[in-house]
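Visitor: Each chain, letter by letter, is given below.
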Amino acid sequence: MLNILVPDFRVIAPELILVGTTFAIILWEMITRTRRHVGSVLLATVGTIIALAVTAGLSQLNISTFGDSVVLDPFASFFKMIFLLGLLLTIAISSRYIDEGEVREHAEYYALLILAVVGMMVLATGRELVTLFLGLELMSMSLYILAGIFKTDPRSNEASMKYFILGSFATGFMLFGMSYIYGMTGSTHLRVIGRVISENPGLLANKGLLLGLFMLLVGFAFKISAVPFHQWTPDVYEGAPTSVTAFMAAGPKAAAFAALIRVLMEALPQMKGDWELLFTILAVVTMTLANLVALSQDSVKRMLAYSSIAHVGYILIGFVASVGGHADRAFSAVMFYLLAYTFMNTGAFAILIFLTSRGFHAGHPWAPWQCSFFCSHWRGFPPRQVSQPSCLYSTLPSRGSTIFWSSSASLTARSPRIIISGSSSTCT
Amino acid sequence: MQESAILGYLPILIFFALAVAIGGGMVVVSTFLGRKNPNPEKISTYECGMVPFKDARQRFDVRFYLVAMLFILFDIEVVFLYPWAVLFTRFDPVIFGFVEMLLFIFVLLFGYIYVLRKGALDWS
Amino acid sequence: MENVWLYLLILLLKMIGVITFALLGVPVMVWVERKGSGHIQHRHGPLYVGPFGVMQPIADAIKLFLKEDITPAAVDRPLYFLAPIMAFVPALLTFAVIPIGPHLQVADINIGLLFVMAISSMGVYGLVMAGWSSNNKYALLGGLRTAAQMISYELILGLSVVGVLMYSGSLSLQEIVKAQEGVWLGFIPRWFVIPQFLGWVLFMVAAFAETNRLPFDLPEAETELVAGYHIEYSSMKFALFFMAEYVAMISISCVMVVLFFGGWLPLPVIGPIVESILPVFVVSYLMPVVWFLMKIGFFLFFMVWVRFTFPRLRYDQLMKLGWKVLLPLAIFNVFLSGIIRMAGLT
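Chains as they are written, first to last, in my numbering: chain L, 1 to 428; chain W, 1 to 124; chain V, 1 to 346.
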């Protein structure tokens, strides 16, 4: 007889609600065959709010199920809430925009948005490499299609195709890294990998494991668009519909960061020495290059894309700082940063959508003010400035050199950014 | 005679070699037997007696790709059904296995109806 | 060591037996097809070569061997030469796991049915390669049609056997045959065709489409595509496609008999009577093969019969039938079999 363990469905309750919502949206569209967006928008909003409520209700739990491959802890809950808030904001800004863009597949549009969020949530909750990969793929596949949802716009198509090809390539790298880690440690479960490595210190010098870590980080670096792997970002952000760009700039990055934090902290904390160096380089290069290149952009969307790349650099400092012994403080700073970033970024794109359809002059008197409010994020307006440097400097004595380098780079790199946001504010 | 699972496939490997030998042999033998007397007309592409125009490798209907993609999707679902069906009587209770698969088939059916409504299966 | 050699010797003998069975089936089927079609259409069919024209297929084979082997100038040569082999080998390879008798089987692997499904679906590569490499518009169209048709109906083929698996509890073809032993009410055999009637009908229809037989022979469709994917082939390379089709017919009939008609198990009513008067040796070694041959013989004749009775479908009708009628029916069959099986268990 087969022994069947009934899983604890509370762990994936919000995901199940969202999947159910996508079914409902598509079914509604199939039954009514309507070209109006109201039904889809309404269903999507209601589903997201319910999922948000459930997530909030379960946020104090710390449980896992499906053979410990998915876990619900406050960390996961926090990220889930970020994603759901981001989804709500995206739904709010897209209904009009997508309608004007003559998108007939509105049910698919909202369903894919939600499915991408489900993928992100799996990324935040997965505690096992294959589960993480599953979430990553669900997220990425949905985004590939969303980038090309303006089917008659060649630039949208180009963005979709570029994103798909480069994304699949990065996925290949990541999978390759995962298989190496699995091969060297004999498990895909993060905790078990961590235990195996700590029990066999000889593994740390193993070239295969190092290669696995490196490949894995290359894959993640692509997904978060850190600098040597960022080239797709401006093109895709520019070509994709603006609402999708707003969505892509926030949620998926946060999800990739969530998975990255979990992998590093649960599976590879012993390899700190290796990934600290990698992250230092990535952070410095990302901040510097992205901000400099952003200066010379003449498309607002491209500039915003480079801005989002620069943000990744700032966030990566948190990873470098985590090595110093205050990992919890470093990562809570990262998490807070991501939350603030989600709001400010979506806001900036919302203004962009508003301005492209109305223009500055005829528009709302508040628009320029809102614009400068969201742009102030680039200057470091939200309180992350309070949280992050304090955690950085608290670790300074122990991890002197790398932290110094990366944080001073962050300060210098921010200066051109201040110029841009200043000039854009004066424009208004 | 089967010591291990792999050894059980040895006959299949030998059988495969024999099949390739027979098939390949026929192709090789027929190139030696029979006359060879080609001329430009004989070896030109057949097009019902017309002079062939353009290359045959042009774009063709996208629906063939669509069918191929749908096939991959549904065929994978079918492969998932096999182990379930083999173990069907061994679920405890049986109704559990049945309901689990009903959920799976429901998702499959949902996708099928979606494809149907989108007109991906219309050929006329 | 002696055991190993003995094992290999027996294996080789079995292989030769099975291959002979498969390949000899081809000329027999050709003759049956031509003679049968003749009589269905009030003609005589082949008459002159041998008694009742039985030597006709042999004469055809010799003729094909000696024909000029034309390689058109525009073809993609490696693929063009590989295609007939790619079509023929999978068709023959399925015989490796088909149990012709309780002992006459090359390899009894525990995933036999999966093997058959996997290998027989490889045949489509040969046909598509032929269509593509020929660089001919008819061939390309024929090849594409073949691919779309075969993969569409492969789904149905795959789904239709799920019900059988629920009853057999095994993927091994030998086990599936053994699961059908015994009778209900004293004379009704416990063949899976009875509880799985819908499954059998679906399998049957899909089998016709998989072997590109009329009413589903659109890949060839003489009247519109001239000959489809093998238009540019001549001599023995053409013959290989021809043989591949017939071998595939025989193998799919064998699979059908194994899955739904009790494989090498004796026929009901007459079976026990015949076996009671024959010596034990014959009953245990020869009769299973005879029963098996009788069963597949019937289905092979049925295929010929259908070919000369039904008109060909149009392509859109074919796809519509496959995706919009048979596929939902096949899924329904899985559902239905599950319920019936559950009711049978409790």
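Since the hints were made in silico from the structure, they are not lab data.
Wrong hints could be hidden among the right ones.
[Stated by the list, open to error] Result set (DSS-like, lysine-lysine): computed pairs, CA atoms no more than 27 Å apart in a straight line:
id	chain 1	residue 1	chain 2	residue 2
1	V	K67	W	K36
2	W	K42	V	K67
3	V	K324	W	K118
4	W	K36	V	K63
5	L	K162	L	K301
6	L	K151	W	K118
[To be verified] To spell it out: a stretch of chain V is covered by chain W in this simulated footprint if at least three of its residues, at any positions, have a beta carbon under 8 Å from a beta carbon of chain W; those stretches are:
id	region
7	27–40
8	104–111
9	169–181
10	237–246
11	256–264
12	268–278
13	322–331
Just so it is clear, the structure is predicted and the values come from calculations on it, not from any experiment.
Glycine included, every Cβ here is placed at the ideal spot set by N, Cα and C.
Visitor: Does each hint hold? Answer for all of them.
Guide: Here's how the hints hold up against the structure:
| no. | hint | result |
| --- | --- | --- |
| 1 | V:K67 x W:K36 | holds, 9 Å |
| 2 | W:K42 x V:K67 | holds, 14 Å |
| 3 | V:K324 x W:K118 | holds, 13 Å |
| 4 | W:K36 x V:K63 | holds, 15 Å |
| 5 | L:K162 x L:K301 | holds, 17 Å |
| 6 | L:K151 x W:K118 | holds, 16 Å |
| 7 | 27–40 | violated (count 0) |
| 8 | 104–111 | holds (count 5) |
| 9 | 169–181 | holds (count 3) |
| 10 | 237–246 | holds (count 3) |
| 11 | 256–264 | violated (count 0) |
| 12 | 268–278 | violated (count 0) |
| 13 | 322–331 | holds (count 5) |
Of the numbered hints given earlier, the model fails hints 7, 11, 12; all others are met.
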